[in-house]
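Q: Full structure from sequences and hints, please.
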Amino acid sequence: MTAGTTIHQKEGMSNGMLGFILFLASEVMFFGGLFAAYFIARADSPSWPPTELLSPQQIADGVKLELEVVMVAISTGILILSSITVQWGVFQIQRGNQKGLLWGLFISIFLGVVFLVMQMYDYTQLHFRADDTVFGTTFYTLTGFHGAHVAGGVVFMILILGRSLAGHFSAEHHEAVEAASMYWHFVDIVWLALFATLYLIPT
Amino acid sequence: MDWLTTVDHKKLGILYLWFTLFFFAVGGIFALLVRTQLAVGENTFLANDAYNQIFTMHASSMLFLFIIPIWAGFGNYFVPLHIGAMDMAFPRINALSFWMLPPAAILMFAGFLVDGGAAAGGWTAYTPLSRQAGMGMDLWILAVLLLGMSSTIGAANFLVTMFRMRAPGMTMFRMPIFSWTMLVTALLQLLATPVLAAALAMLFIDRNYGGAFFDPNGGGNVVLWQNVFWFYSHPAVYIMILPGMGIISEILPVFSRKPLFGYKAFVFATMGIGALGFSVWAHHMFTTGAVLLPFFGIMTFMIGVPTGVKIFNWLGTVWGGSISFKSPMLWGLGFVSMFLIGGLNGTFSAAVPVDFALHDTYFVVAHIHYVLFGGSVMAVFAGLYYWFPKIWGRMLDERLGQLHFVLGFIGFNLTFFPMHLLGLDGMPRRIATYANDTGWEPMNLLSTIGAFLIAVSMIPFIINVVLAFRRPPDQPNDPWEGNTLEWATTSPPPVHNFDSLPPIKSERPLFDARQENKDTETN
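Residue numbers (the working numbering), protein chains in the order written: chain Y, 1 to 203; chain X, 1 to 523.
Worth flagging that the hints you see were computed from the coordinates, not collected in a lab. Remember, it's a predicted structure, so these values are computed and weren't measured experimentally. Positions of the beta carbon are idealized from the N, C-alpha and C atoms, including for glycine.
In silico lysine to any residue, SDA-like type, Cα no more than 25 Å apart, as pairs:
(1) K64/Y x P216/X
(2) K11/X x W392/X
(3) K64/Y x S75/Y
(4) K64/Y x Y209/X
(5) K64/Y x S45/Y
(6) K11/X x N15/Y
(7) K326/X x I311/X
(8) K99/Y x L81/Y
(9) K64/Y x R207/X
(10) K11/X x R471/X
(11) K64/Y x N217/X
(12) K258/X x S337/X
(13) K11/X x F163/X
(14) K326/X x R399/X
(15) K258/X x P503/X
(16) K64/Y x H127/Y
(17) K11/X x G16/Y
(18) K64/Y x D215/X
(19) K258/X x S324/X
(20) K64/Y x G210/X
(21) K99/Y x I158/Y
(22) K64/Y x N208/X
(23) K64/Y x D44/Y
(24) K258/X x E481/X
(25) K326/X x I459/X
(26) K505/X x M86/X
Taking beta-carbon pairs under 7 Å as the criterion, some of the chain Y residues facing chain X (in silico):
(27) L18
(28) G19
(29) S26
(30) F30
(31) I40
(32) S45
(33) A130
Label pairs and their calculated CB-CB ranges:
(34) F39/Y x T490/X: 55 to 61 Å
(35) V354/X x I59/Y: 47 to 53 Å
(36) D2/X x A151/Y: 34 to 40 Å
(37) D360/X x A151/Y: 39 to 45 Å
(38) G289/X x P46/Y: 18 to 24 Å
(39) V352/X x M71/Y: 48 to 54 Å
A: So, in structure tokens, the structure goes:
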């Protein structure tokens, strides 16, 4: 930025960071809309999963409205772990440890990819599709949009990793790293809410 | 070429203005087609199918491509000037916000070329109709998604600009009211538009991937669409009117030679409308029988309170003032009187038993047009006449402006007032034609004549603008003796906006500066 006289940058958080937080607020509202749809569908349904809605044809085709809990619980743990490792990376760069940041990012990216692979595998193991009642529609929509955000977060962290390798960050200057980690935590929190909603609420 | 790559907030603002005024014209032509079809009973001017597409695209153009983005245009140009900033906080994101609009418009209008035609389910796109409609509906969904993204990132940009880019001395409570209304509008856009995005995503999944969000056969809920849609679209009504209120609140003080009556009350009323705006969406859905009637009825009445506060602000400003009836002021007073009617007939409809009678009749069409034409469009013209000299360095002709206002004002009331009566008489909205023995023909004919009068009123406006551009710029820096900072710089302002700023000690820095000059002169 030029040493302008008419730019009135205030102290504290930068413009970019504030804009980023506002963007995250809009993301929260987006997921809020999807969650609302899920809760309404669930409240409308006499039983959950709504097996009574399956047609004889669907039952004959082997459609089963059942979720795979154990593996998803493991991948949930992996995502939580990745949030810790990315935050560890932020703490390292705050102390000026560039190598620590590299490791933190690298491990988090790896864990994020593992989560995505496990989600893909989970999709192949399920016996229902998006067009098999509102149960399938809400499940794939919510987890699908979340998965897309995980993928976006992985890309974000890869970009940050590239910049770290180029030595862009220091103890004083590492705002992009903070933004990436904040985004990753956001994705993680949405997943915890999703996991609790889709898997843990007793039927 | 410069216009394609610019990141200057003023040039982007001008691009917004031209783009949105173009779609005002397109939407207006569609409105004339609708009115022509309805002029007489059992008319065959438009086929039913074409009629549905035309009225849907009329509203879609007017709301999504004209009113919502034109505030972003005015805001782009004047928020940085009003708060004494050099530009928006994120100039390149600002350019991105604008350049998402043309592809969205192309997508939406491409519907006319595909099988089944453009979207025809009304701008509200209610399920189950919108689940079954042709491919034009998908294009419409994508277009509105794109427009939503544009206004969401634009909103974040406006918020950061106003929170962090204010000049020294420009505290939050010295910001011009227009900036305040843009701030609350931006908050609504930031928090409501993503819910519309979620709704559109669900509708797209239902239509294309066999989803069952809105399909009762698969355990879905048809009314869910209305809930998520109005959760956005009711706040969106305030998105469409608040900046207009802001413009009026800049103009009335200048042409009454008085400060705005109750500045802080106005700011809090704006915040109140913004906050309450999230709790009234289901008053659009009373007749579904699926919403809590007393709650949404009461909340809707409550929104009348801050709105009433504003009417008092405006009346108190004008009261006892030294009023000059220049074109911006005429449109401003037109706004106050017509928006008042729009507020009142809206409050009628919020009474649950009354709403059961009026729902989906022409009364609702009258209401929305008193708010959006009598309110927003009048504010658009007020703003154009007021700021034309600042943006383009030329005054608009006063007599043509007055002719424009008088014809427009009469045409507007002639078009939309009879719709109240038609609605009370039971004429449903969105019907392509009506039987001759309904007795609706005289009022409809009157309404159609009014619509063409509105179209005629645009002729002096267009002549006015063309003549202004043919004149050499006279560049009046402060033709109205304004209060706010944009009048402290040249017309049009330089790229960096200000060479120097006057001291900012109140919400009227230019008034203060003029007083100081007078004091030193008399000394």
